[in-house]
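Chemist: Position chain B with the ligands relative to chain A; hints supplied.
Those protein sequence lines, which keep their order, are chains A and B.
In this text, residue positions in the first sequence follow the working numbering: the first is 1, and each later residue adds one.
In this text, residue positions in the second sequence follow the working numbering: the first is 855, and each later residue adds one.
Because the hints were derived from the structure by calculation, they are not lab data.
Backbone N, C-alpha and C fix where the C-beta goes; we use that ideal spot for every residue, glycine too.
Careful: at least some of the hints might be erroneous.
Unchecked claim - Some residues of chain B that are not near chain A, with every Cβ distance over 12 Å (derived):
#, residue
1, ASP877
2, PRO880
3, ASP881
4, GLU951
5, VAL954
6, ILE956
7, VAL963
Unchecked claim - Pair by pair, the computed Cβ-Cβ distance ranges are:
#, chain 1, residue 1, chain 2, residue 2, range
8, A, ALA446, B, LYS927, 21 to 27 Å
9, B, LYS927, A, ASP426, 50 to 56 Å
10, A, PRO107, B, ASP953, 40 to 46 Å
11, A, THR704, B, LYS927, 39 to 45 Å
12, A, VAL97, B, LYS927, 34 to 40 Å
13, A, LYS372, B, LYS927, 40 to 46 Å
Claimed, not checked - EDC-like mimics (lysine to aspartate or glutamate), calculated; alpha carbons at most 20 Å apart, straight line:
#, chain 1, residue 1, chain 2, residue 2
14, A, LYS772, A, ASP729
15, A, LYS550, B, ASP901
16, B, LYS874, A, ASP729
17, A, LYS550, B, ASP900
18, A, LYS811, B, ASP877
19, B, LYS927, A, GLU820
20, A, LYS548, B, GLU868
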Amino acid sequence: MIEETNVKNKKIVVIGNGMIGQRFLEQLVSRSETHPIDITVFCAEPRPAYDRVQLTSFFSGKSADELNLVPEGFFEQHGITLRLGDKAVAIDRARKVVRSARGHELPYDKLVLATGSYPFVPKVPGTEWQDCFVYRAIEDLEAIRMAASQARVGTVIGGGLLGLEAAKALHDLGLKTHVVEFAPRLMAVQLDDSGGRLLRHKIEALGVAVHTSKQTREIVKGETCRHKLLFADGSMLETDLIVFSAGIRPRDQLAKAAGLSIGERGGIAVNDHCQTNDADIYALGECALWSGRLYGLVAPGYQMAEVTARHLTGEHDARFPGADMSTKLKLLGVDVASIGDAHGVAPDALNYVFTDEASGIYKKLVVSGDRKRLLGAVLVGEANDYGSLLQLTLNAIPLPEHPEDLILPAREGGASKGLGVDALPDTALICSCNNVSKGGLCSAIAAGATSLGALKKGTKAATSCGGCGPMVKQILDSELKKQGVDVKNYLCEHFAYSRQELFHLTRVGGLKTFDQIITKHGQGRGCDICKPAVASILAACWNEYILKPKHAPLQDTNDYYLANLQKDGTYSIVPRVPGGEILPEKLIVLGEVAKKFGLYTKITGAQRIDLFGARVEQLPLIWKDLVDAGFESGHAYGKALRTVKSCVGSTWCRYGVQDSVTMAINIENRYRGLRSPHKLKMAVSGCTRECAEAQGKDVGIIATEKGWNLYVCGNGGIKPRHADLLAKDLDDRTLVQYIDRFLMFYIRTGDRLQRTATWLENLEGGIDYVRKVVCEDSLGLGAELEADMQKFVDSYECEWKKAINDPETLKRFRHFVNSEEPDRNVVFVAERGQIRPARADEREEREMKAESVV
Amino acid sequence: MSARPKVQMDIGQEWVAVCKLTDIVPDTGVCALVDGRQVAVFRLHDDSVYAIDNHDPFSRANVLSRGIVGDLKGECVIASPVYKQHFSLASGQCLEEADVRIAVFPTRVEGGMVLVNIHINK
Ligand code: SRM
Ligand SMILES: Cc1cc2nc3c(=O)[nH]c(=O)nc-3n(C[C@H](O)[C@H](O)[C@H](O)COP(=O)(O)OP(=O)(O)OC[C@H]3O[C@@H](n4cnc5c(N)ncnc54)[C@H](O)[C@@H]3O)c2cc1C
Ligand code: SF4
Ligand code: FES
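One chain only, chain A, in its complex shape (with noise of 0.2 Å):
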């Protein structure tokens, strides 16, 4: 019943070079490197395998270079012969050959066809318009660029995940885009009623107009656009380009034309081997039809490739077991994921709802009748828990007594619901992008893949969609925990040690020098991660002065020269200016050294102002006439208190219920230069309208009627978190007290490099903790924390005016140790009347013309 199988001296015609039919030529050359075979591709688009999963990057930036999915080298290094924009046009399964577009014919063994789907366009008049687009290849892309460039009005016939996808990049095109969508929902497919109108809120809100149940009847030339959609209703829409999303159909002509066996809504049908009722023809990717289903999304028909690969190299048993289509998105910046039976279609399926139309959040679980399963969930605005919802349906995994739980938000100090990466079997599929199971993770692990990049590299885990990214580093903290190496908290291949163990060596034992402490507690001469992460522990535990010569090598260029390196070898200068609030005096001093020094100025995103171009020689004079009128070092440099945010509050706001500004004045100038493991940003706000964004930092002060809620740990930049309130309405003392309690604990624990946000979401106990040790003094640290804190407060010294009045460490202000040139790289041209860096043609065109004078 099986066939000889076996690849080798046999002709093996690919037709297709799609990210299926390029991971099949991976696969199979992987399995036969001891017997030469004799491969040739067909390509009929003029590229090689490209990641069209990530199309839309294309619009961002990315180039079609950097999509490429083939490996250098490849095709030249495994004698296999590709024949690019060459399309094939018939089989002849009687004579086994191939003919193609250019008159080819090449005889063929075996034959697989990876020709991929086209996009549906429905028949509708006015879609021959030049100005009518698809989204599926490189050069569709394109030439939407170039007809956006010369529109104002985008739209997108249909409202499926691809026409999101979509509609963000005419959106990000800078096009008035429009959605139009058949059903009367959005993502049909995956959502329901509710989440598709949850969906629809949330775009809408981005400025992205939606109309569903719309069934468009003609195109025709428009009034105030190029063209006109006339709807079935009667209601028309005018826009200039129009991008068809409307579905996809498998490419099955040429095997329609060739008598194999198609689906009746088209597919190319196969058995579990992917062979199709030729046994010498196989499909696979989204040509391909197992078992009635198609599948548009790449991991099973990488499935498809491995299966097809190994039953080639004489793997009979070979077989697709089918796949989930369970899918996680960012679709304009939404949330959205859809896992197994999400419209719970199972007969006795149990829905579980749960709704927040003020936060943009719907969740549904679907479970199985004795409330034992997860059969499919759907989750939009919010995401996060999909990785563990995923395991939970795939695994079978028996659910908690109240599995509401699992989509309820965790209360206030609640413990964190989500089952642990330790609770998966070994068999779970956590990368399906690439089939790699958890057993699959914790081997690499185990034999020495024990950073996140190396296990990426190893697996090739969470290097497609990225969707399991996060479970990926879920496995890998926990495997290393187990394997009590903890690799990542030891500081560097200098210390076996965390920033929070060495922080309390230094401490207790009392030593002041970077040389005491490594020959102590460490090997070797130090490097750039410890040194300037020792540095800041000796700063917070002794608050020398850090650019006393002994602590000199140990500063990051930033604090050596109490400015911010930027880009072309030039300083930026932040002088503090507490709360916000400035003198009318103070701020034409900061206009005039601008002007002095010829320095670009630009308001910072915190309430202060950044005068930028400064050469290192320049620092100190520039500060001079700073410290003169009164300003002071605003630690942009260090890894230090930032700013304390404020808003006007009750002196001036009609709804402050408290004096916000002098409330930032008074924290700011207490905490001024204390340094941590990372940046420190504070703010206080007048009332709950909350103008001064606190709960975005890592100490947030916010007004009420009877005193100042008190919140923690907040995050803006890479990863948002809202802060946590860690206590209620306290008076002014308590405030504070609270806070120097807070900042302290978290500078002896907390690890190198760490923001409050990350520190307490790997805290045990997290917040409640945290309250435990400042409010309730758990601990009995309080009354030790408070007096670190007052000594830090009381020794304080402004940088910057230590250092003009000292020559030794003026010494070091100049670019040359021998010469007072300045540093001839640095080249500035003007734009919009201020100066910036040149970019590097600039600077070459200069240095050209400077040669063609001399």
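Modeler: For chain B with the ligands alone, kept in the frame of chain A given last:
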């Protein structure tokens, strides 16, 4: 600002004196202008002296003298202050990118002066 040694005299064989050894704080660097070329000169804790190109090939800024000195697996290195790649002080080899290597120059200390020769690229 304090007076600087303006010495740039030739001491035979194109060796140029750039500064006094004590002008460099141990385990830090300075930048010297040698025949029009920017050279980063480092003094380590044991008073050994290294000279490398001051130009950082990654940021294209002249800033390597301002990096942090250290050792990685026993190799003396300087970390670029911009994007933190490491360069071997002995060979100029970049530790992160195998095909990036910067110029390294021989140095001597004579009579308390640091001498650099940029005409011999080690
Ligand atoms: C100048 C400024 C941008 C501006 O033109 O407005 C700025 C500039 C830089 N930011 Fe920022 N950030 C500035 C406000 C912010 C804000 C807004 C704020 O503070 O309200 C944020 C988000 C809030 C937050 O931090 O939670 C912000 C989040 C970041 C992050 C991400 C931090 C995080 O925890 O995810 C980094 C990267 C880092 O620190 O590792 C960063 C790093 C940087 C660095 C240091 C990057 C670098 O190494 O060159 C930039 C150099 C500063 C300089 O002066 O040359 N900057 N940065 C703002 C200076 C504010 C100030 O007056 O001190
Ligand atoms: C914008 C966009 C976003 C996507 N996002 C995701 C995502 O997030 N997750 C996900 O899982 N999937 C996503 N997909 C789907 C994914 O790209 C496809 O599932 C995958 O590319 C299918 O691979 P394939 O090889 O079967 O088909 P294709 O990649 O389409 O390759 C088929 C190739 O065969 C060529 N061909 C066809 N006929 C012939 C012939 N007769 N002769 C020669 N060559 C021929 C075609 O020109 C094409 O190059 C996305 C698709 C698009 C367009
Ligand atoms: S936070 Fe309150 S007091 Fe402050 S400006 Fe806004 S509304 Fe006014
Ligand atoms: S699931 Fe897509 S990369 Fe892992």
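Chemist: If a hint holds in the structure, say so; if it does not, say that too.
Modeler: Against the structure, the hints:
no. : hint                              : result
1   : ASP877                            : violated, 6 Å
2   : PRO880                            : violated, 7 Å
3   : ASP881                            : violated, 4 Å
4   : GLU951                            : holds, 15 Å
5   : VAL954                            : holds, 17 Å
6   : ILE956                            : holds, 15 Å
7   : VAL963                            : holds, 15 Å
8   : A:ALA446 <-> B:LYS927: 21 to 27 Å : holds, 24 Å
9   : B:LYS927 <-> A:ASP426: 50 to 56 Å : violated, 35 Å
10  : A:PRO107 <-> B:ASP953: 40 to 46 Å : holds, 44 Å
11  : A:THR704 <-> B:LYS927: 39 to 45 Å : violated, 56 Å
12  : A:VAL97 <-> B:LYS927: 34 to 40 Å  : violated, 59 Å
13  : A:LYS372 <-> B:LYS927: 40 to 46 Å : violated, 54 Å
14  : A:LYS772 <-> A:ASP729             : holds, 17 Å
15  : A:LYS550 <-> B:ASP901             : holds, 15 Å
16  : B:LYS874 <-> A:ASP729             : violated, 62 Å
17  : A:LYS550 <-> B:ASP900             : holds, 15 Å
18  : A:LYS811 <-> B:ASP877             : holds, 9 Å
19  : B:LYS927 <-> A:GLU820             : violated, 38 Å
20  : A:LYS548 <-> B:GLU868             : violated, 36 Å
Checked against the numbered hints given earlier, the structure breaks hints 1, 2, 3, 9, 11, 12, 13, 16, 19 and 20 and satisfies all the rest.
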